[in-house]
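Peer 1: Residue strings, one per chain:
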Amino acid sequence: MTAPAPDTLASTAAPGRRGAPAAPRRRRPGAARWLVLLAFGVFFLLPLFAMLEFSTRQAGGRSFAAWRAIVQDPDLVSAITISLELAALTVVGMLLLVVPVATWVHLRLPHLRRPIEFICLLPLTIPAIVLVVGIAPIYAWVTYLLGDSPLTLAFVYVILVLPYAYRAIDNGLGAIDLRTLAEAARSLGAAWPTVLARVVVPNIRGALVSASFLSVALVLGEFTLASLLNFNNLQVTINLLGKRDAPVSVAVSLAALLLAFVLLLMLSYVGRRRGSSGVTEEG
Amino acid sequence: MTAPQPATTAAPGPASSGTGRRRSGRIVPYLAVTPFLLYVTVFLLYPTLIVVAGAFTDDANRPTVTTLRVLTDGVYLRAFARSIELSAVTAAVGAVLGALLAWAVSSGPPDGPLRRGVMAAAGVLAQFGGVTLAFAFIATIGLSGFATVFLRDHLGIDLFTGGVWLFDLPGLMLVYTYFQIPLMVLVFLPALDGLRPQWREAVESLGGSGWEYWRYVAGPVLLPAFLGAALLLFANAFSAYATAAALVSQGSPIVPLKIRGFLTSEVILGQQNLGKALGFGMVVVVAVVMALYALLQRRAARWLR
Chain A
1 MTAPAPDTLA STAAPGRRGA PAAPRRRRPG AARWLVLLAF GVFFLLPLFA MLEFSTRQAG
61 GRSFAAWRAI VQDPDLVSAI TISLELAALT VVGMLLLVVP VATWVHLRLP HLRRPIEFIC
121 LLPLTIPAIV LVVGIAPIYA WVTYLLGDSP LTLAFVYVIL VLPYAYRAID NGLGAIDLRT
181 LAEAARSLGA AWPTVLARVV VPNIRGALVS ASFLSVALVL GEFTLASLLN FNNLQVTINL
241 LGKRDAPVSV AVSLAALLLA FVLLLMLSYV GRRRGSSGVT EEG
Chain B
1 MTAPQPATTA APGPASSGTG RRRSGRIVPY LAVTPFLLYV TVFLLYPTLI VVAGAFTDDA
61 NRPTVTTLRV LTDGVYLRAF ARSIELSAVT AAVGAVLGAL LAWAVSSGPP DGPLRRGVMA
121 AAGVLAQFGG VTLAFAFIAT IGLSGFATVF LRDHLGIDLF TGGVWLFDLP GLMLVYTYFQ
181 IPLMVLVFLP ALDGLRPQWR EAVESLGGSG WEYWRYVAGP VLLPAFLGAA LLLFANAFSA
241 YATAAALVSQ GSPIVPLKIR GFLTSEVILG QQNLGKALGF GMVVVVAVVM ALYALLQRRA
301 ARWLR
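Protein sequence lines correspond, in order, to chains A and B.
The numbering of the first sequence is the numbering used here, which starts it at 1 and goes up by one.
The numbering of the second sequence is the numbering used here, which starts it at 1 and goes up by one.
With the rest of the complex left out, here is chain A:
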């Protein structure tokens, strides 16, 4: 009874598939899928909704006082400014550090690719809380030489974003015909800095943008190093604020999460445009 069933099923199913060439690649989403999505949606949106509710609480009604306080609290404003400046500095530092080396390794020193990649991925293995233990003595020197500015955090933030930035840029370089482009530029008399700035960079723009976005998101969310090296960035200030004024701290937290979400959503569109346009075709 049961044995012939697979055969008949196969013979009836196969022509059906062949007869419909435009059959959907993916199976139609079932009720199970929507149930799963709904459950996760509730789990993930409930805390965010609770933050909104918590930060607008007022005796007998709703008030956005906590939200207005975000831009009125001087500590918070200066922390936001510092975090944004840190993000910009980190992006610049990361690009200056990684792009030339990644390009150079691709072009001239391919045997160094493994060691350099290992170094760049190393920060994933060294938790920030451990890095801070080792870097505290070095920051004593940094403070001595450059002053006690929170912006000096950018030095270590460049290390922190290294794994993500290197991976994005390395992928970008792997996707273009770097050797041919560089040789063409060189044969037309371009110096290496010119090759880098006018040939390599425009061709891996998408990878650079995605590396930068990721770095910005990481820097805006960084707490460990800033807190334990005693600098006040956005996250440290939010944490301190939590002890003094809970509704405001919750409001800023939600605002920061939403800002990061918008940032990453934009990134997903930038990433796609790179895929469709590919290498620029000029000349």
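Watch out, some of these pointers could steer you wrong.
A few chain A residues that face chain B, going by a derived Cβ cut-off under 8 Å, partial list only [to be verified]:
hint, residue
1, Leu-97
2, Arg-108
3, Pro-110
4, Phe-118
Hints are computed from structural coordinates only; laboratory data are not their basis.
By construction, the Cβ of each residue, glycine as well, lies at the ideal position given by its N, Cα and C atoms.
Start from chain A and add chain B according to the hints.
Peer 2: Chain B only, in chain A's frame:
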């Protein structure tokens, strides 16, 4: 002058174009990577060395293993045990639930708004989180949180009959799960995308059921990727600090908070390097886990992509 001689300049050899600057050949290409190497030496390799060396020296800078031996007894061993328990539980729960969510997302259109939204949200929660997630849960199930108040007023349920568990290990587990699931989605979704529709069609045309497809084809193909992702989740939870620091202000149940204790308070004489020893212990655990992860990734790459 330089343009009309492509035959010689296009050759890959470094000395072929003949300008004096680059005649020194072998060494010069390496000079270009020295700024990078200097930078990572100062801000990454040397700090790591300080931690590792510190773990093996005593207060008078003599080599010793007694500092490390302290880790094997009492409070520090228990802190490691709790850290590992926290990471293992949240990695297991996060991996299973995250895989489920990844499946639900992957069966939709690859460029649709649902998928974009989920991926961006997952990126935020998995990597941006930290302090803000701690506050999210304080606002939800804290003592005057939304869910706490709602359940108490409308359903008569008290969330905290067994004490205020949010600011202890159970609370950490809940909040960690909240960022582990999104990380699993980010890591595991590419693996799910690697499943070819033809495999499913092959199973169907041979008379296999949906269960048989998952049991004999998709399951085995995905298993290395799944285990690898679970290990990554473990390492992620093990190294996390911000959430715990914001949530737990008294006591130090887990290793990262113990290290905080050494960094922020007066150091007891004779224990100067204990923080470094704890850090070294963490690096060893994460390094072992990441090595296994790399191994599984290679195994996973055989079928996927």
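Peer 1: Each of the hints needs a verdict: does it hold here or not?
Peer 2: Verification of the hints:
no.: 1; hint: Leu-97; verdict: 6 Å, holds
no.: 2; hint: Arg-108; verdict: 5 Å, holds
no.: 3; hint: Pro-110; verdict: 11 Å, violated
no.: 4; hint: Phe-118; verdict: 11 Å, violated
The structure fails hints 3, 4 (numbered hints given earlier, in ascending order).
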